[in-house]
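*Asks:* Here's the letter readout for the chains.
Protein chains: 2
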Amino acid sequence: MTPTEVVDRLLPARLQARASSEQFAPSNIALCKYWGKRERSLNLPVNASLSVSLDHLGSHTRLTPIDAKQDEIRFNGRPLPLHAAFSQRVTAFIDLFRRQQPLYFRVETRNTIPTAAGLASSASGFAALTLALNDALGLELEPRLLSVLARLGSGSACRSLFDGFVEWRMGRRADGLDSHAVALEARWPGLCVGLVKVDTAQKAVDSRAGMQRTLETAHLYQSWPLQAAADLEKLHRAIAQQDFALLGQTAEQNALSMHATMIASWPPLLYWQPQSVAMMQTVWALRGQGVPLYFTMDAGPNLKLLFERPQRDAVLRHFPELEIVEPFATG
Amino acid sequence: MTPTEVVDRLLPARLQARASSEQFAPSNIALCKYWGKRERSLNLPVNASLSVSLDHLGSHTRLTPIDAKQDEIRFNGRPLPLHAAFSQRVTAFIDLFRRQQPLYFRVETRNTIPTAAGLASSASGFAALTLALNDALGLELEPRLLSVLARLGSGSACRSLFDGFVEWRMGRRADGLDSHAVALEARWPGLCVGLVKVDTAQKAVDSRAGMQRTLETAHLYQSWPLQAAADLEKLHRAIAQQDFALLGQTAEQNALSMHATMIASWPPLLYWQPQSVAMMQTVWALRGQGVPLYFTMDAGPNLKLLFERPQRDAVLRHFPELEIVEPFATG
Numbered sequence: 443m444t445p446t447e448v449v450d451r452l453l454p455a456r457l458q459a460r461a462s463s464e465q466f467a468p469s470n471i472a473l474c475k476y477w478g479k480r481e482r483s484l485n486l487p488v489n490a491s492l493s494v495s496l497d498h499l500g501s502h503t504r505l506t507p508i509d510a511k512q513d514e515i516r517f518n519g520r521p522l523p524l525h526a527a528f529s530q531r532v533t534a535f536i537d538l539f540r541r542q543q544p545l546y547f548r549v550e551t552r553n554t555i556p557t558a559a560g561l562a563s564s565a566s567g568f569a570a571l572t573l574a575l576n577d578a579l580g581l582e583l584e585p586r587l588l589s590v591l592a593r594l595g596s597g598s599a600c601r602s603l604f605d606g607f608v609e610w611r612m613g614r615r616a617d618g619l620d621s622h623a624v625a626l627e628a629r630w631p632g633l634c635v636g637l638v639k640v641d642t643a644q645k646a647v648d649s650r651a652g653m654q655r656t657l658e659t660a661h662l663y664q665s666w667p668l669q670a671a672a673d674l675e676k677l678h679r680a681i682a683q684q685d686f687a688l689l690g691q692t693a694e695q696n697a698l699s700m701h702a703t704m705i706a707s708w709p710p711l712l713y714w715q716p717q718s719v720a721m722m723q724t725v726w727a728l729r730g731q732g733v734p735l736y737f738t739m740d741a742g743p744n745l746k747l748l749f750e751r752p753q754r755d756a757v758l759r760h761f762p763e764l765e766i767v768e769p770f771a772t773g
Numbered sequence: 443m444t445p446t447e448v449v450d451r452l453l454p455a456r457l458q459a460r461a462s463s464e465q466f467a468p469s470n471i472a473l474c475k476y477w478g479k480r481e482r483s484l485n486l487p488v489n490a491s492l493s494v495s496l497d498h499l500g501s502h503t504r505l506t507p508i509d510a511k512q513d514e515i516r517f518n519g520r521p522l523p524l525h526a527a528f529s530q531r532v533t534a535f536i537d538l539f540r541r542q543q544p545l546y547f548r549v550e551t552r553n554t555i556p557t558a559a560g561l562a563s564s565a566s567g568f569a570a571l572t573l574a575l576n577d578a579l580g581l582e583l584e585p586r587l588l589s590v591l592a593r594l595g596s597g598s599a600c601r602s603l604f605d606g607f608v609e610w611r612m613g614r615r616a617d618g619l620d621s622h623a624v625a626l627e628a629r630w631p632g633l634c635v636g637l638v639k640v641d642t643a644q645k646a647v648d649s650r651a652g653m654q655r656t657l658e659t660a661h662l663y664q665s666w667p668l669q670a671a672a673d674l675e676k677l678h679r680a681i682a683q684q685d686f687a688l689l690g691q692t693a694e695q696n697a698l699s700m701h702a703t704m705i706a707s708w709p710p711l712l713y714w715q716p717q718s719v720a721m722m723q724t725v726w727a728l729r730g731q732g733v734p735l736y737f738t739m740d741a742g743p744n745l746k747l748l749f750e751r752p753q754r755d756a757v758l759r760h761f762p763e764l765e766i767v768e769p770f771a772t773g
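Protein chains in written order, with this note's numbering: chain F, 443 to 773; chain R, 443 to 773.
Just to be clear, a hint being listed does not mean it is correct.
Distance windows between CB atoms, simulated [stated by the list, open to error]:
| hint | chain 1 | residue 1 | chain 2 | residue 2 | range |
| --- | --- | --- | --- | --- | --- |
| 1 | R | 646 | F | 531 | 56 to 66 Å |
| 2 | R | 732 | F | 582 | 51 to 61 Å |
| 3 | R | 675 | F | 454 | 55 to 65 Å |
| 4 | F | 646 | R | 627 | 38 to 48 Å |
| 5 | R | 556 | F | 708 | 29 to 39 Å |
Hints were generated in silico from the structure; no laboratory data involved. Just so you know, these numbers come straight off a predicted model, no measurement behind them. Virtual Cβ for every residue (Gly too), placed ideally from N, Cα, C.
Throw the hints in and build the complete structure from the sequences for me.
*Replies:* Below you can see the structure in the form of structure tokens.
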């Protein structure tokens, strides 16, 4: 099944641009990672995942209907040529909605994510774009279907439609209509995510390609779904019982297991820098001294620290440039 | 079955110390790693492994019968107390042979392995000790049985009884009499192993404990036997066809997959130092420039480089302190 066929099931055939719209969607940090696709064109995952959204860090996207024959793309205040990789992904996503109709937009995206922190902006970007399309085209789709649509742009975007803890249910259907995120009710005041800056260079292998290489070449990947399923269950338990050690352990082992599948690929896929290892050693040394501090990592060299508010000062002493987000501080 | 019961099947009940004996056994570098035990007391492995022996680098062990009530242990020229960990392992191994009989020895072990290179000395040490016991006690056991006995001291010691390429057949029997090494006939003149010094500190977790933690806590370990079986077959093909790229790739992916299972354990087991990552990046950069250079690693931070003689100068330019061994240079 193609993305267009899925969209045809969800949207009316005729659309009209009603108004301009500006929407925000948060970045999210997965505590149980999305790693591997069972179906590539629809971004259907091999395993369910669970994330926490980063409150005010994310993407603002403004859509303005324009009388033109193509879209106009602006990113962080600057016009981008339509042949740029980012523009191509954005217009391809709008094409899914527009399906040959003459509906063009100025798309202005502004990220509040610190670019050096290694946070994926495609998740929040496609989530905000989905919300803005829903609004500008007057679609009034329910959150579950918005999540299905955002997934077509970027898998983890389906989680960025919600605040707090979010689970992406993997689903079983071929059309993916049951593969979408849901917000969990539980909150965790005092939970902190610390963003560490390791490296700002462009990744040599993007996570989409990395996922594919791992799936095709790493024998160890065959056990990844087992790890992810066990971790998902532990995370639900940790959240229900507000058991921080269980949350931290599970998230750290899950992230390291994901990296392990990459390290076991051919050619080897190691996103770590020497400095990443030094920072892991610092985290482990602090934990050895009794500080409940854990980390997670995505497909890059940066660590994302997990701790609770009482540890804030102790953590800042060892990571003075840390940017700290409290996902449940507001709202 | 206990080690003593195995020895009872192989050795005559009454033994006599006939002479002193000095024997040498080489260190070995596994290209397909021994990682995980299906039976702990006999060191029976989960998977078959394949190594190359390091010619003159290894252990010299001299046994002298003494008229005493306990053994005397000397290591690299110095007397060691009997309660030292090394002495305990040595005397426990001799106990297996002596089985209550009043046969005591002065055991003098001298390693020619550069201590900073991260080469396990237990493999060559127990292999040399087995050879010396065979000789001093006049046992005249065939190599296959010597390999079974050496395995009881340290798993990978069963491979250090032979030169060149060596396969440790995993076997199926409960008594382990079919789990022993055999020498391969193939030789590979020009093959070089480069020993890199990363860190001389004692490991926080020895490989015996690391193996056990991985087996018990890493879901990804479940796929390790698949990786190892595929790699063993590829290594046989690489050796038969003298296909160096296949040999190097397979050895590197195998080592990284083993480390991946440790990284996926809980608590995480990362033997790498920041410098290990920097050196891997150097190897990959050189390979990107067309230099056929690969690495393997054991349960430690050190890299062991694999290349052929024509690359010697290019490799030395980037690793000036490299100690190079040519396993097939002599003999």
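*Asks:* So, for every hint listed, does it hold in this structure?
*Replies:* Verification of the supplied hints:
no.	hint	in the structure
1	R:646 <-> F:531: 56 to 66 Å	violated (45 Å)
2	R:732 <-> F:582: 51 to 61 Å	holds (58 Å)
3	R:675 <-> F:454: 55 to 65 Å	holds (57 Å)
4	F:646 <-> R:627: 38 to 48 Å	holds (42 Å)
5	R:556 <-> F:708: 29 to 39 Å	holds (30 Å)
Checked against the numbered hints listed earlier, the structure breaks hint 1 alone; every other hint is satisfied.
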